[in-house]
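Trainee: Sequence:
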Amino acid sequence: MSAPARPAKHMPPHTLSVAPMMDWTDRHCRVFHRTLTRRTLLYTEMVTTGAILHGDRDRHLAFDAGEHPVALQLGGSDARALADCTRIAEGYGYDEVNLNCGCPSDRVSSGSFGACLMGTPDVVARAVDAMRAATTLPVTVKHRIGIDDLDSYEHLTGFIRTVEAAGCDTFIVHARKAWLSGLSPKENREIPPLRHEVVRQLKADFPHLTVVLNGGVLTLDAAQDALAWADGVMIGRAAYQDPFILARADGDIFGEDTPPVTRREAIQAYLPYVAAQLQAGQPLNRMMKHTLGLFAGQPGARHWKRTISEQGHKPGAGLDVVHAALAGVPDHVLDERPGQTVSA
1 MSAPARPAKH MPPHTLSVAP MMDWTDRHCR VFHRTLTRRT LLYTEMVTTG AILHGDRDRH
61 LAFDAGEHPV ALQLGGSDAR ALADCTRIAE GYGYDEVNLN CGCPSDRVSS GSFGACLMGT
121 PDVVARAVDA MRAATTLPVT VKHRIGIDDL DSYEHLTGFI RTVEAAGCDT FIVHARKAWL
181 SGLSPKENRE IPPLRHEVVR QLKADFPHLT VVLNGGVLTL DAAQDALAWA DGVMIGRAAY
241 QDPFILARAD GDIFGEDTPP VTRREAIQAY LPYVAAQLQA GQPLNRMMKH TLGLFAGQPG
301 ARHWKRTISE QGHKPGAGLD VVHAALAGVP DHVLDERPGQ TVSA
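Here the sequence shown stands for residues 1 to 344, where the numbers follow full-length UniProt numbering.
Hints listed in this document are in silico derivations from the structure and should not be mistaken for laboratory results. From a predicted model like this one, the values you see are computed outputs, not experimental measurements. Just so you know, not all the hints are guaranteed correct.
Simulated restraints on C-beta separations [said to hold, decoys possible]:
| # | residue 1 | residue 2 | range |
| --- | --- | --- | --- |
| 1 | 279 | 80 | 35 to 41 Å |
| 2 | 225 | 328 | 34 to 40 Å |
| 3 | 154 | 299 | 48 to 54 Å |
| 4 | 12 | 275 | 34 to 40 Å |
| 5 | 275 | 62 | 17 to 23 Å |
| 6 | 55 | 314 | 47 to 53 Å |
| 7 | 120 | 92 | 26 to 32 Å |
All residues carry an ideal CB built from backbone N, CA and C; glycine is no exception.
Based on the sequences and whatever the hints tell you, model everything.
Mentor: Set out below in structure tokens:
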């Protein structure tokens, strides 16, 4: 049985968040997710220090004011570069800066950042110390429970103690180890077994730290159960592939009494942003691809996905494509409010 939602005034920012996911949680995705939940903490995709310091800074860092609360996830290992990027992030108005110590891709490892940093906790500690000195924002770390053969509980707690000593008090823990050789990033999300019990033990051993569970949490009910012992829960692919689960978050997780939105209301709230982005030259499919899972498992889902996918990429595609996609979804699906089924 799920734990009851706690009063909203007692809910810290990490109580529920959507994970940073490459190619998924861009600014369009975050604006769309914000139409479903006002309180859930949203993360950017991982952005490397090199991209910020030497690339198109606005393209990587600009975001819509309506996305708050929103956190920037940085990828890097050089303390000075990370500090510079943290300072820049504060100037852009982010609410938090997170250091990625969990991504297992070969490209990330070869750049000496991501999950491989779990093998060099001193490097992470120096980075965190420099980042904290550069900002008044919270600096957090997202990591795995281990890498390769460095997967003992002793190594994990040593990593946390070292990084905590640099001033980090919030650890977002993906409850799987990562194999840096032999498994693809996709396989690293699925093959190493989930070990939520390790994260639970961390919270018991470090009660003064904020410990957030990530990995394998597929529903808000499961998130509520984990919140009985964890300080927060981060949902990943489930929130992207079936974003309508976020519509219950403000009430079920954060204890607010405002009614959850319907799918129709979410799309209607998103369309002014889409229209503005179209005027700015963004193609329709770049914004609407994040909505493809909105009708997952519902009548009309196939029509919605097919219309957006087949028409949204064409030159000149506009809001008429969205309206045509909506026309194939039954009213009772569009107007369903979580916890209340509208009659067909």
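Trainee: Among all the numbered hints in the text so far, which are the ones the structure does not match?
Mentor: Violated: hint 6 alone.
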